[in-house]
Amino acid sequence: MKTRQLIQLGLLAALTSTSLAANATANTFNTIYGTNFGTGSSYSTTFLGDINTTFSAKVGASDGKFSYKPAQDGYQGVGVSPKSGSERTPGEIDIGESVNASFSHSIFIKNFTLGLLFDGPEYGDVNEKAQITATYFDNSVHSFTFTATGKTTGIWTGLGSFVNLSKAEDGKGGVWSISDPFGNVRVKSLSFTALPGVCGKAGGSCTNQSDFTLISVSAVPEPETYAMMLIGLLGVGFMTRRNKQA
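Each residue of the sequence shown is one higher than the one before, starting from 1 at the first, in full-length UniProt numbering.
Only pairs whose alpha carbons sit at most 30 Å apart, straight line, appear in this in silico DSBU-like list of lysine-lysine: (1) K188 x K110; (2) K65 x K110; (3) K83 x K58; (4) K58 x K167; (5) K167 x K69; (6) K110 x K172; (7) K69 x K188; (8) K58 x K188; (9) K110 x K58; (10) K65 x K167; (11) K83 x K188; (12) K65 x K172; (13) K58 x K172; (14) K83 x K172; (15) K58 x K69; (16) K65 x K188; (17) K151 x K110; (18) K151 x K167; (19) K110 x K167; (20) K69 x K83; (21) K83 x K65.
The hints are simulated quantities; they were obtained by calculation from the structure and are not laboratory data.
Take these sequences, add in the hints, and give me the full structure.
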């Protein structure tokens with residue numbers, strides 16, 4: 001009986017995750033949304049015109065799979081689950097799990113948005129902490145953290161600035177948008193993972209004190225790409241006007 005119930009719960013979780021993934025926010029020219037990642041171990045797409053991008057789900061060094069939790073306050077992100085077996089929080093990026101992104105050319109990251117990152121005592125989590133590791137164009141590796149310290153306050157150790165989009169409180173999204181996180185430095189790859197928050201509070205422990213979702217990543221083209229785009233648009237406009245006059 002117990003085995004049957006576990007199988008039923010597993011099927012329900014799989015169907016729920018697939019349904020949530022189907023309700024995706026369409027990618028745009030410069031923004032990739034986690035709801036498009038599906039439920040496999042990797043997701044590839046193109047943005048900024050010609051930048052091939054691959055996101056992968058990892059549990060330690062092993063392949064995981066993308067998973068989802070129901071949206072809170074209208075914000076839906078993506079998390080990681082093991083390919084088999086159980087875990088603490090399906091649909092979030094837990095300690096020991098990561099979402100990694102690689103780009104075919106180094107790019108300027110304009111923004112990334114994280115969800116379900118709380119300051120406590122919501123859900124037994126206290127000062128949840130996300131770590132973002134960037135590999136720069138020169139192959140140097142730099143890690144930064146974002147920690148929720150209040151309902152709308154936090155600490156970001158990188159460049160740029162952040163804003164809270166949905167309060168870190170029960171029923172809300174705990175959503176944080178970090179802009180210009182690496183300044184004017186081009187990035188080749190990114191990794192999002194969780195670090196232990198504050199231990200020994202709200203009945204929690206160091207093994208379960210951080211988890212979050214990745215909502216989106218945005219970038220901007222290099223100046224040369226902007227110039228080519230403008231030339232192309234001007235050319236199309238000129239030809240359209242000329243055809244109308246003819």
